[in-house]
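Using the sequences and the hints given, assemble the complete structure.
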Amino acid sequence: QQQVKQSPQSLIVQKGGISIINCAYENTAFDYFPWYQQFPGKGPALLIAIRPDVSEKKEGRFTISFNKSAKQFSLHIMDSQPGDSATYFCAASRGGGADGLTFGKGTHLIIQP
Amino acid sequence: EAGVVQSPRYKIIEKKQPVAFWCNPISGHNTLYWYLQNLGQGPELLIRYENEEAVDDSQLPKDRFSAERLKGVDSTLKIQPAELGDSAVYLCASRGTGAASFFGPGTRLTVL
Chain X
1098 QQQVKQSPQS
1108 LIVQKGGISI
1118 INCAYENTAF
1128 DYFPWYQQFP
1138 GKGPALLIAI
1148 RPDVSEKKEG
1158 RFTISFNKSA
1168 KQFSLHIMDS
1178 QPGDSATYFC
1188 AASRGGGADG
1198 LTFGKGTHLI
1208 IQP
Chain W
29 EAGVVQSPRY
39 KIIEKKQPVA
49 FWCNPISGHN
59 TLYWYLQNLG
69 QGPELLIRYE
79 NEEAVDDSQL
89 PKDRFSAERL
99 KGVDSTLKIQ
109 PAELGDSAVY
119 LCASRGTGAA
129 SFFGPGTRLT
139 VL
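Residue numbers (the working numbering), protein chains in the order written: chain X, 1098 to 1210; chain W, 29 to 140.
Treat the hints with care, as some may be off.
To spell it out: a stretch of chain X is covered by chain W in this simulated footprint if at least three of its residues, at any positions, have a beta carbon under 8 Å from a beta carbon of chain W; those stretches are [stated by the list, open to error]:
hint, stretch
1, 1129-1139
2, 1185-1194
3, 1199-1208
According to the in silico footprint, chain X covers these stretches of chain W (three or more CB under 8 Å from chain X) [to be verified]:
hint, stretch
4, 72-81
5, 123-130
Everything labelled a hint here was simulated from the structure, so no lab data went into it.
Using N, Cα and C, we set each Cβ at its ideal position, and we do this for glycine too.
See below:
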């Protein structure tokens, strides 16, 4: 049973455009939702995270939108740059992040110059 | 501040051989996790430590995998014997008092 479903699997966006990646979860006990960025040969790096009492969180060009009733959350990357080309993972956890993360399968993002 | 340190970065072994991975978490982080990442997939939790106690090892295949964190700091993950299907990246992460987990660079294991 896949508890966190992520889409699309791959995404190509033009430089300066908006990249949007979506995730849906099943376990209503999840209470912490981070996004990670991973470059080839590197470990995942935390980008931004949200808790379910907030519907949106913005940090620089990265925004998380959260819909608790639909059990969905998404990552928006504004003004996408070639350096943003990477694999992005959504994740979810219980216990405010303590329980360990359940990851989506990832989105391979390519920003074309 | 140093991040999570893992070694070795790469390991190639033949099947049925033993292998061990080492992790040094961020200083002061009491929580340590080991994850497995298969090619093209998201990481999957293997085990979680709170200090020296394994509080969740439900996803650790205990017939061949073992882990320890004897002094509540460094940790070692061992596979004995390794199988072809164990080829993957093994990631270590640590967490302090906040919610965020920080990952190391991983150890890429190839089993021939």
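Legend entry - In rising order, the numbers of the hints this structure does not comply with: Hint check: nothing fails, all pass.
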